[in-house]
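My request is simple: use the sequences and hints to build the entire structure.
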Amino acid sequence: MENNNKKAWLYLLPAMLFLGVFMVYPLVDVFIYSFEEGYNSASQTFFGTGTYNYSYVLRDPYFLQALKNTFILVIITVPLSTLIALGISLGLSSVKAVRNLFQTIYFLPYVTNTLAVGLVFMILFEKTPYTDGFANLVLNIFGAGPIDFIDGPYAAKMFVLCFYTIWVVMPFKILILTSALASVNPDYYNAAQVDGTSKFRIFTKITLPMISPMVFYLVITGFIGAFKAYSDAVALFGTELNAAGMNTIVGYVYDMLYGNSGGYPSYASAAAIILFVIVLTVTNINLLISKKYVHYK
Amino acid sequence: MLKQTKKRKSGMPLICGENIRKAAVYFMLALWALMVLFPFYWMILTSLKGYGAYNSEYIPKLYTLSPTFENYEEAFSAVPLADYFVNTVIFTVLTTALMLAVIIPAAFAFSRLEFRGKNILFTLFLSLMMIPNELVIITNYVTVTNLDLRNTFTGLVLPSAMSVFYVYLLKENFSQIPDELYYAAKVDGTSDLKYLFKVMLPICKPTVITVTVLKVIECWNSYIWPRLVTDNSAYFLVSNGIQEIRENGFGRENIPAMMAAVVVISVPLIVIFLIFRKKIMEGVARGGTKG
Amino acid sequence: MKVVLQDLTKKFRARGKKDGSEVIAVNSFSFEIPDGKLVGLLGPSGCGKSTTLNLISGLLKPTSGKIFFGDDDVTELEPEKRGVGLVFQNYALYPHLTVFQNIIFPLQNLKGAQKLTKDEMREKAYKIASLVQIDELMDRKPSELSGGQQQRVAIARALVKMPKVLLLDEPLSNLDARLRLHTREEIKRIQKETGITTVFVTHDQEEAMSISDMIVVMKDGVIQQIGAPQQVYERPVNLFVAKFLGTPPINVFKGEIRDGGLYIGAQRVLEAESSFSGACFVGVRPEGFVPCDGGKLECDLSRVEIMGRDVSVVCANPSCTSPVIRAVISSDTSINACSEKVRFDLKPQKVHIFDSKNEIRIDADLK
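Chains as they are written, first to last, in the numbering used here: chain B, 41 to 337; chain D, 139 to 429; chain C, 156 to 522.
Treat each hint with caution, since some may be false.
What the hints assert, rightly or not - Cβ-Cβ distance ranges computed for the label pairs, FRET-style:
1) D:M267 x C:E291: 48 to 54 angstroms
2) B:F86 x D:G188: 54 to 60 angstroms
3) D:S204 x B:T168: 45 to 51 angstroms
4) D:M267 x B:N230: 37 to 43 angstroms
5) D:V405 x B:K46: 44 to 50 angstroms
Said to hold, decoys possible - Restricting the straight-line Cα-Cα distance to at most 25 angstroms, the calculated cross-link-like pairs of lysine-lysine (DSS-like) are:
6) B:K47 x C:K216
7) C:K236 x D:K324
8) D:K256 x B:K46
9) D:K343 x D:K417
What the hints contain is simulated information worked out from the structure, not anything from laboratory work. Source: prediction; values computed, not measured. Cβ atoms here follow ideal geometry from the backbone N, Cα and C, with glycine treated the same way.
Laid out in structure tokens, this is it:
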């Protein structure tokens, strides 16, 4: 037994070392940073401790802009992407022909580089002196005027950001919902059909309750993921997100840490902890709501 | 008799309705497939258009009659795309190999060995899965900077190598192997290490492959950490390279060359995906999230 | 190689209890397995028979007591150093290896002077494979084999390193009934040919009785009786052993010995000469009933089941501890299935008497 103890710890040692240095220690450290006032990364000194970093961040207009952008992004993309994914998954499970092909295509965005494809989206939506871009070509068909989605009005930029975010998160949601639908025992459907239940009623009374844990899982992970949005915004609007007015909370954290406005790990830590608190709160609210509506076997 | 005719009458439109519903479903599915594929089509299309031809299209054309590969030459010659590519391959291989070397023994210990404090330790491990990367990346950035590891592969790889989730995934799979196999091996005088390599890993090969491929995808697409710890373009990965190309590379206007670069860095993952399609989708369905 | 277990005790910490209370799985277990014999450990589930097997294999270490292989004390020896072959209930074949690779797996672990060349391994593997008759299947994967074939591979793998002791854990329970019959004869044949001391665990008394040279009946970690199968069947030392052996099971009545006679209810069924007198349990084997008109034991007839060779008479008696009495008689005895009563005489050698207080066998001369 003693021997076994030593051996087990030996096997675990590398993993523990990595976790200790790059996760546990940073986790403690980030809290300390966030309370150290006037930290200077060059001299590694600070003036005192307190909540000044938090009040600075919460008053910073760039942070408030990032907060607003992130919340809009979350509120639009999470419900919308879940609903569309549900529709597509239902469609997928009702067809047999070319189902595999569709599934493969739908999964493609998952394996592509967010930055790279973001660039394509930028080009599709951009309006430059040389071209109005593809998006405006489509708008033109409906008689709408050319809009610069990348460097134009706020609403247009937000639209592209949401559109791209949904495009990026869809593969995961479709995959999870398709496998959830496939795992519903067909006997339930057969039983319902024998009883003469209408399609709509089958969906609301059988399918939805059966897959509700998975839908709920997607909503929670969707909220968490959307609150941490950053790469998509960079891909569309470049690294100067504050200037574009399209920064996100995570973007704000990194900007505080590094880049032209960087060098403030204390502010970055405070912002990161604020983000963590928001995500934790929203997740807990989700959990509370789910207790009422989600049906677990 | 009357009943039967009535039935047939109402049956006809029902079949029609069924067909309409089916057509609508296919239309919706095809529409989304189009939405997914169109950006890919557009990037390949644009990458094949000549610089002059692209800029002369005020209204972009949906096809090209004179495809050219000059943009691909441009992508490799005007910016060090090949270097970014090699860097990413090195980074991906090192990180994935290191991760496997770390997580396999850990998963083995949790699934097979008995030791004091195992359950508590595993719970702690699992609770680390909930810690967002954003929270720890700040200190890691400071640590790596203080250790003078910026613009080195060591600085890039080390903080990216560990994944609690993959330890969990592998441990669950290891635990499904019946205990009897272990006892049988033990009675035959097999050491723990040999049992791990000769029996457990071969049996769990599908999961190991899944974990490996998911990590490769993650590495290939990683952007935030490399951006923080590299400012020397000699250490840029493809994501940072793309951002660099976009802001300083070909000049903002040479979009066809940019698209060529995008095609080049997207192809490897799409190929891997098409080879391991089933394993990747299974692995992701079991709880992988992007990034 | 003879195997001696001396005062073997194994305690486990009770699960789900924080007070550190213990469960005794095997309680001061002592017996000697003679060299080259086939011994069956028999008992209901949870009686400690698998624990005993794992103690012999070394996968578990006893809390106290000693284990000897021959004259060597192996109590503290790791399983790989004991030289035992182990066959598991679910066979535990490595699913990713072929039959051949499975069989040579133990040989590849040998080190130093024992190390074998590839050719030697091949030769040994084929020799053992032909013994268990699977030499045709060497390149298949376990998933391509039937249950019986997998079983043989598992036995071959256990035998290939010529173990001192072969241990089989419920070797037949995953096979269907017909295959079970065949395989148990195979095990007996293989054991005889190799002459390896073999211990196997089963909860199926018929299985144990049919092939063992010796059976050990266990209950709650304690040995109840050791002996040749027929001997244990004919002279069970207590009510538990009597009930556990035999199908259909023994019929138990509440009875009494007084005035030199054995009574069931008010009926004096046999003459009994014994130092004991008072309340007792009377166990009557199903084959111990002889239907005759003047029989001493009267029962209410429920039905007669004809099962080919035998006829099973199902009836009831208020003194019986179970609502149903099952008597097996040969089919040429005629029984009037329509009558309401049936009368039996009892064969004295098929009747066992146990003290109703401690359920221990009472020796009595019955006539």
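Here is what the structure says about each hint:
no.: 1; hint: D:M267 x C:E291: 48 to 54 angstroms; verdict: holds (50 angstroms)
no.: 2; hint: B:F86 x D:G188: 54 to 60 angstroms; verdict: holds (57 angstroms)
no.: 3; hint: D:S204 x B:T168: 45 to 51 angstroms; verdict: violated (22 angstroms)
no.: 4; hint: D:M267 x B:N230: 37 to 43 angstroms; verdict: holds (39 angstroms)
no.: 5; hint: D:V405 x B:K46: 44 to 50 angstroms; verdict: holds (48 angstroms)
no.: 6; hint: B:K47 x C:K216; verdict: holds (19 angstroms)
no.: 7; hint: C:K236 x D:K324; verdict: holds (10 angstroms)
no.: 8; hint: D:K256 x B:K46; verdict: holds (12 angstroms)
no.: 9; hint: D:K343 x D:K417; verdict: holds (11 angstroms)
Hint violations for this structure: number 3 only, all remaining hints satisfied.
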